[in-house]
Every structure is written in structure tokens, then in C-alpha cells.
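Enquirer: The primary structure of each chain is shown beneath.
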Amino acid sequence: MTEARQPNPTVTFYGAIPGSRAPLRADPSVLGTLPARGFQYCEALRAASSFGWYAFPPIDFSLLWDGSEVIWTYRGAKAWYPLKSAQYPGFSRYFDDVAPKRLRGFAPPFLTSTWDPSLIQVWTGLFVESAPDWSILVRPPANLQRHEGYHLYEGIVESDRWFGPLFTNLRLVKTDVPIHFSTEVPLIQVQPLHRTAYAEEISNSFSLAGDLADLPADAWSRYEQAIVKPNVEPRPAGAYAASVRRRRKSGCPVHIT
Amino acid sequence: MSSSKKQPAVRKAAKKIAAPRVVRSQDPATADSGKIRFGSGSAPASLRK
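Residue numbers (our numbering), protein chains in the order written: chain P, 1 to 257; chain V, 1 to 49.
Just chain P, same shape as in the assembly:
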């Protein structure tokens, strides 16, 4: 894993498993998988896709659920094994070599079958921490088509207060179909969230005007500007995208001077 240290980063990842793929800044083209039209003209798609970082599985591995138990295998293994909990191959010995003496024997598991056998916890091989008052949203990679055999959960972690493994939970939804996870494909997207953005007061603060007749005059004007005018007057394709990029280049929206 190559180091890229910055002063006062919002989020810091620590690679724990030697040779595993480093996290990557999330990509506006979703690693080249987005339709070119969307990539070029749809700023909403690009912004959502490139928000945060990708984290990858630390090894190629496969899961197979038969409806009652999960078996698994990994690159280099000679067979499939029933999954209760498993270390990354050879990791517990490495952990014990590197960890302080009092922590030897306490390596985090790579895969854990939870109380519900179809629910699997996967560790990325990373630890994570964030700057004060910043949390992380751990979620499926935005706009990346994935295997329909599993469902990925999302979670918000106060990683400024809780230091630990960066992991995710997935539910296997197809039986008797092997599901492969590759180190070439991001497993999760990690997005920085300032605590104020998801505070209860913010989520509780919304209003509803339930009838079109209740639209204020200002809203009608904005509809005219954003939707009607571009349809009745000639305009370059991607005008919204261009205006958003211009505004972004004019300064950081967080650190306004």
C-alpha cells in the first residue's frame, strides 16, 4: 500500500494487510463504467460518483450460500470452507508480529458470519479515523452495477471517536450461486459527513407545500429559469454541468474566505 500523507486530512486510512489495494479517490466515471453521455453532461451523476473514496476487498474471495450455511474460498485456497469467522490468510501471525505485546491474539477477523447466516461482515483490511466532528458514511459504491446476489448495507460511523476496522455488512440473497469479490472492484464507498449534516435537527427540519397552487412566485421564476428557458432557447448541452464546475473552481464551498 503506497503512502499518501496530507496535513490535517479529513479522513485517514491505515492499511493493515500487506499488499492489499490502497483506497482510491472515488471516480466521476465510476472506473470507466458510466455511459459517456452521463459522464460528460450529467454533473449530478459525476458529483455523486466521485464523492469520497473507494475501498476494495483485500483479497479475491467467493461466498456461496445454500440457504442454511455459507461456504467460502479465496484466491490460493484449495477448497471451500464453512464460514463462521475467518482471518485474512496468514494475517493473525503478522498481526502478532507487529502489534504491541498486550494486543497479540486480538487480530480482527476478515469475514464473520453473524447471528443470521446470510448476513456477512467483511473487513476491508483498513483501519480508519476522521478529523473531529467528521463521520464517515460507508455505503455501496455509487452508480456501480453490482452482483444481484447480495445486498450491501449502509452505515454512518463516528470515526473521530471510534477507531477500528473499516468494514461493511452484506446480505446474501441468492442461494446456490457463488458470488465473487475481486480486489479490482470497489467493495464500498466511504464518504465524509460533517456531523452537522445529519444532525437530528437537520433531518427534522423540512416543510411541505402540498399543492401546486401553493408554489410561491419565486419558485415559479426558478422553474422558468432552470427548466423552461433551456427548453425554449438554444443552449449548449451540459450548461448546468458547466455552471456547477465554474462555481466549484471559484472557491471551496466549505472554506469561504
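None of these hints come from the bench; they were simulated from the model.
A few of these clues could be false.
[Unchecked claim] Chain P stretches covered by chain V per the calculated footprint, using a threshold of three residues with CB under 8 Å from any CB of chain V: (1) 43 to 53; (2) 78 to 86; (3) 99 to 113; (4) 161 to 174.
[Unchecked claim] Straight-line Cα separation of at most 25 Å, SDA-like style, residue types lysine to any residue; simulated pairs: (5) V/K35 - P/R102; (6) P/K84 - V/V23; (7) P/K174 - V/K35; (8) P/K101 - P/K78; (9) V/K35 - P/F127; (10) P/K84 - V/D27; (11) P/K78 - V/G34; (12) P/K101 - P/S85.
Source: prediction; values computed, not measured.
Even glycine gets a Cβ: it sits at the ideal position worked out from N, Cα and C.
Dock chain V against chain P, hints included.
Expert: Structure of chain V alone, referenced to chain P:
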């Protein structure tokens, strides 16, 4: 007039996919002591199968 009746395509027998070899014993390279649990993996043992 000669009839050029197309021969029906012969379907090849589907390649049989070998069932995975499942070993019941634990893989020594990935053996886990169970001492560390976090997230939903740390749910009470009574809930784990």
C-alpha cells in the same frame, strides 16, 4: 429443385460444472480465535448460530 433443408443444429452437451470441494475442517491459514468481534458480528452469542 433441390431442397436445401437445413440440418438442425446439434446442441453440445452442457459442460458439467464441478461441485465445489467443501472441506469441513478449518483452514489453518484463516483460523480465527473468535476473540475479536465488532459491529453486528458482536451481537450476543445467543443470537449467533
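Enquirer: Mind checking, does the region 161 to 174 of chain P have 3 or more residues with a CB under 8 Å from chain V?
Expert: holds (count 4)
Enquirer: For the pair supplied as a hint, V/K35 and P/F127, confirm whether the alpha-carbon distance does not exceed 25 Å.
Expert: 18 Å, holds
Enquirer: Verify the coverage statement for the region 43 to 53 of chain P against chain V, using a C-beta to C-beta distance below 8 Å and requiring 3 or more qualifying residues.
Expert: With 0 residues closer than 8 Å to chain V, the region 43 to 53 of chain P misses the three-residue bar; violated.
Enquirer: If you draw a straight line from the CA of V/K35 to the CA of P/R102, is it 25 Å or shorter?
Expert: This hinted pair holds, its Cα atoms lying about 14 Å apart.
Enquirer: Given the proposed pairing of P/K84 with V/D27, does the C-alpha separation stay at or below 25 Å?
Expert: 12 Å, holds
Enquirer: Starting from P/K101, check that the Cα of P/K78 is at most 25 Å away, please.
Expert: 33 Å, violated
Enquirer: Mind checking the alpha carbons of P/K84 and V/V23 for me, to see if they're no more than 25 Å apart?
Expert: Between P/K84 and V/V23 the Cα gap is close to 13 Å, so the pair holds against 25 Å.
Enquirer: Are the Cα atoms of P/K78 and V/G34 separated by 25 Å or less?
Expert: 23 Å, holds
Enquirer: For the region 78 to 86 of chain P, count the residues whose Cβ lies under 8 Å from any Cβ of chain V; is that count three or more?
Expert: holds (count 8)
Enquirer: Three residues minimum, CB to CB under 8 Å: does the region 99 to 113 of chain P make the cut for coverage by chain V? Let me know.
Expert: holds (count 8)
Enquirer: P/K101 and P/S85 were given as a pair; does the straight-line alpha-carbon distance stay at or below 25 Å?
Expert: 23 Å, holds
Enquirer: Does V/K35 sit within 25 Å of P/K174, going by the straight-line distance between their CA atoms?
Expert: At roughly 30 Å apart (the allowed maximum being 25 Å), V/K35 and P/K174 break the hint.
Of the numbered hints stated above, those contradicted by the structure are hints 1, 7 and 8, listed in ascending order.
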